[in-house]
Amino acid sequence: MINLPLLPILIPLLTGVLLMFFTKQLWMQRIVSFLSTLLTIGVSLYLVFQVKAQGILTVTLGSWPAPFGITLVSDMLSALLVLTTSLLVFFVIWYSMTYLSEQHQRFYYYIAVQFLLVGVNGAFTTGDIFNMFVFFEVFLISSYVLIVLGGKPAQLRESLKYLLVNVISSALFVMTVAFLYGIIGTLNMADISQKIAEINQPGILSVIAILFLVVFGLKGAIFPLYFWLPGSYQVPPTPVLALFGALLTKVGVYGILRTYSLFFSNEVGIIHSLLGGLALATIIIGVIGALATKDAKQILIYNIIVAVGVILYGVSVMTRQSLEGAVFYLLHDMLIKAALFLLVGIMIGIAGSSRLKSMGGMIKDYPLLGWTYFIAALSLAGIPPFSGFIGKLLIVRGGIEAGDLVGPFIVLASSLLVLYSVMQIFIRGFWGTPKTYTGSRRHLVKQLIAPTILLVTITVAYGVGAEAVRPFITQAVDPLVDPSIYIQAVLKGG
Amino acid sequence: MKKPMKKNTNDVILESATTFITFIIFLFAVYLFFAGHYTPGGGFIGGLVTSSALVLILLAFDIKTLRQILPFDYKMVTAVGMLIAVLTASGALLFNVPFFTHAHGYFELPLFGKTSLHTAMLFDLGVYFVVVGVTMTIIQTIGESD
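One line per chain: the protein sequences are A and B, in this order. Residue 311 in our numbering is what sits at position 311 of the first sequence, and the numbering runs on without skipping anything. Residue 49 in our numbering is what sits at position 49 of the second sequence, and the numbering runs on without skipping anything.
Since the hints were derived computationally from the structure, they do not count as laboratory data. Computed from a predicted structure; not experimentally measured. A portion of the hints provided could be inaccurate.
Okay, derived cross-link-like pairs now, BS3-like style, lysine-lysine, Cα gap no bigger than 27 Å in a straight line [claimed, not checked]:
{"#": "1", "chain 1": "A", "residue 1": "Lys-24", "chain 2": "B", "residue 2": "Lys-64"}
{"#": "2", "chain 1": "A", "residue 1": "Lys-446", "chain 2": "A", "residue 2": "Lys-435"}
{"#": "3", "chain 1": "A", "residue 1": "Lys-435", "chain 2": "A", "residue 2": "Lys-357"}
{"#": "4", "chain 1": "A", "residue 1": "Lys-195", "chain 2": "A", "residue 2": "Lys-294"}
{"#": "5", "chain 1": "B", "residue 1": "Lys-64", "chain 2": "A", "residue 2": "Lys-152"}
{"#": "6", "chain 1": "A", "residue 1": "Lys-492", "chain 2": "A", "residue 2": "Lys-364"}
{"#": "7", "chain 1": "A", "residue 1": "Lys-294", "chain 2": "A", "residue 2": "Lys-357"}
{"#": "8", "chain 1": "A", "residue 1": "Lys-24", "chain 2": "B", "residue 2": "Lys-75"}
{"#": "9", "chain 1": "A", "residue 1": "Lys-492", "chain 2": "A", "residue 2": "Lys-195"}
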């Protein structure tokens, strides 16, 4: 099957289109999107094993030879990210069926989610920088729909900010690609990488590298560019927030990871130390935010920022070990963030508010929820048997090996404070004297907990089975350390 | 202020001019659509010009009249367009060639003689429907919201 890398994009696209034909039949919408996402997971799993067996898979659309057509490249990194994305979307769809009101689901909700999946999977798979922009727009436009759906005043206000920031960053993306095209004269990422190596990276390319950092940093919320995120992510309903928190910022991180390892790997001086500095500042800002707030949702939202900082610190060190840690941590963080948001969503559903002071003593009535949250929280902080541990360990070791002591120290200290911030939710929410809850969704806990527990189980398995996952991660890091593997696979040695 | 559904004004000149100008615009749109492969034009501009013909009807008459003339749900038009585009592109999957690989050839057609037919035209047809559908959905939704 020559088109295999394409299928995780094509299946949700076709599903989204088909769903547009029967927007009135809610049951059909649910069943079709549930089953098709299950199919997408199956295909992405098959893709991962194919990439494992055969190396990097490429397909150049329209049968044009490589630098001229749009190439889709499934290396192990993108295949793993596509698999994780499809998994998360599946759980969020399952969760939304009971969590969201029927009114909410009726207005093209599942269509927007499918198109979000198209955009994110596409952005992970594409091997063409302008095509990556297009896929960014696909998932951004879906996210505009999802953030405003419901039409509450706060949602309208925040979606306006969100839209404004993203329109500006998209314009900047186009300008950056235009600069790059003006110098290099090609858009295929493998070809760009090859040509940059030929002209030996003059100063203007460092400027472009920093522009890319600004563009992807606005999407991925790094230190001075994170300002839109805490407000915008507060307003959409929790399943949508789980999608955003787990996927959207990570696409920005992936963009930085890809461009910095593929394009700007020849001269690792100023731009990588800039990236490292910003990553550490991002960690600090995220931790401060997470400690300062007394709102369960906000604590997790600031933890997204912390995780982005940790991953990007791993990227900036650019050794094999730190990159391995970054990839490990990236996958872990996508899974665990989605799980935590879904768990906190249930708590908000019970209590009717996301303020910590409106919760208390939930362990008495909802022990299963409480212990699942406890495991997820330990996993986020990186306690050894769970999944956050190995990624952070590798990042810290990579940092120390590269002769940096400040970075690893900040990463380690952030783990402690992250643990403190998520334990706040556990202590305030689950311990103490039980309160009477007035949340409208407290009768739904039994249905909502099933997908959440399954997701937490997957993250635990990911941590415990790290030995089994390791070869996949190693293969994912190979083209990041040595771009010639990627270039060879795309341009077939030409 | 709520707008009355049927206008009370007496725009005889505008309305009778619209009745035949609409057809000219529509023909021009079809011309642009088919000319796309060799000369400037294509699905996008063809779709926009078609919508402009429909908007002219909206200006001269009202939403109700347009709905009587062309009783389409424009959201469905968009969906059909998307489906045509996606299926055209994924037709390549059946022949196990990369996605979006188009096929073309020369055919002897009864009326036109030797004509080149290309599956890219089907993709453009999808684009055309999507553009018409989206434009008209936007305009009708804003027009009806009051």
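Consistency of the hints with the structure:
Distance hint between Lys-24 of chain A and Lys-64 of chain B is fulfilled; the C-alpha atoms sit about 23 Å from each other, no more than 27 Å. A threshold of 27 Å between alpha carbons decides the hint, and for Lys-446 of chain A with Lys-435 of chain A the separation of about 19 Å falls inside it, so the pair holds. A C-alpha spacing of about 10 Å is found between Lys-435 of chain A and Lys-357 of chain A, which places the hinted pair at or below 27 Å, so the restraint holds. Among the hinted pairs, Lys-195 of chain A with Lys-294 of chain A is inconsistent with the structure: their alpha-carbon atoms are about 51 Å apart, more than 27 Å.
The suggested pairing of Lys-64 of chain B with Lys-152 of chain A is violated, with an alpha-carbon distance near 31 Å, which exceeds 27 Å. Pair hint Lys-492 of chain A plus Lys-364 of chain A does not hold up; C-alpha atoms about 61 Å apart against a cutoff of 27 Å. A threshold of 27 Å between alpha carbons decides the hint, and for Lys-294 of chain A with Lys-357 of chain A the separation of about 8 Å falls inside it, so the pair holds. A hinted pair counts as satisfied when its Cα atoms are at most 27 Å apart, and Lys-24 of chain A with Lys-75 of chain B qualifies at roughly 13 Å.
Between Lys-492 of chain A and Lys-195 of chain A, the direct Cα distance comes to roughly 15 Å. Compliance with the 27 Å bound is thereby established for this hinted pair.
Comparing the model with each numbered hint stated earlier shows that hints 4, 5, 6 do not hold.
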